[in-house]
Amino acid sequence: SQTIHQWPATLVQPVGSPLSLECTVEGTSNPNLYWYRQAAGRGLQLLFYSVGIGQISSEVPQNLSASRPQDRQFILSSKKLLLSDSGFYLCAWIMNTEAFFGQGTRLTVV
Amino acid sequence: QQQVKQSPQSLIVQKGGISIINCAYENTAFDYFPWYQQFPGKGPALLIAIRPDVSEKKEGRFTISFNKSAKQFSLHIMDSQPGDSATYFCASRPSKPSKLSFGAGTTVTVRA
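Top line first, the protein sequences correspond to chains P and L.
Under our numbering, the first residue of the first sequence carries the number 75, and numbering increases by one thereafter.
Under our numbering, the first residue of the second sequence carries the number 430, and numbering increases by one thereafter.
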């Protein structure tokens, strides 16, 4: 069966520190992968999506970047975090019509 | 620009009551309309979905009503239960590419 793993579950980082969130999927090949951010009281904002290794599309300009080093691995990064980067980050895999989400990472930048 | 507008932002309903959440979309190319349920600290999970060739879909206590001409769709939760307390997101997407556009979410609280 297909599963999606995302870690860490929670993270508290100081302003200016780097960030690396990892997402991996199992049970499929060449998945379409997505990073979403959910700010408090707001919806799901699409940050990046990838249709294959090394292929990254950015939806909004921001302080974050994404990479797809392997077929089933999707990484969200930042060189220097800002306070505004705080939020709930979700990795998703969309297969045909259905989206499967990871458990999310609660990032608090202090 | 938000392509899917969802309302209300939150609602409180008594146990056994009906919860109604509305969404409106703009892109006429959208052909898939799912609803996701999210519990605190968890990722969203697909609840129910509809395609524009039908006006209504029912799964248990959950019903989607779809109005293609008005570009609106809604989720009805019948006989609401405390376990239904969650945040609900509507979404939509065109046939290609497969990006989902989400509404802002509705936090539903069912009081016992």
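What the hints contain is simulated information worked out from the structure, not anything from laboratory work.
The C-beta atom is built at its ideal place from N, Cα and C for all residues, glycine as well.
There may be inaccurate statements among the hints.
[Unchecked claim] Okay, derived cross-link-like pairs now, DSSO-like style, lysine-lysine, Cα gap no bigger than 30 Å in a straight line:
#1 LYS153(P) / LYS486(L)
#2 LYS444(L) / LYS486(L)
#3 LYS154(P) / LYS487(L)
[As the list claims (entries may be wrong)] Facing chain L, from chain P, some residues (calculated, C-beta under 10 Å):
#4 ASN106
#5 ALA140
#6 ALA173
#7 GLY178
Going through the hints against the structure:
1. Between the alpha carbons of LYS153(P) and LYS486(L) the distance comes to roughly 46 Å, so the proposed pair goes past 30 Å and is violated.
2. Between LYS444(L) and LYS486(L), the direct Cα distance comes to roughly 23 Å. Compliance with the 30 Å bound is thereby established for this hinted pair.
3. A C-alpha spacing of about 47 Å is found between LYS154(P) and LYS487(L), which places the hinted pair above 30 Å, so the restraint is violated.
4. The interface hint given for ASN106(P) holds, since its Cβ lies 6 Å from the closest Cβ of chain L, which is under the 10 Å cut-off.
5. Because the closest C-beta pair between ALA140(P) and chain L is about 14 Å apart, greater than 10 Å, the hint is violated.
6. Interface hint status for ALA173(P): upheld, as the beta-carbon distance to the closest one in chain L is roughly 6 Å, under 10 Å.
7. Interface hint status for GLY178(P): upheld, as the beta-carbon distance to the closest one in chain L is roughly 5 Å, under 10 Å.
Violated hints, listed in ascending order, are 1, 3 and 5; each of the other numbered hints is respected by the structure.
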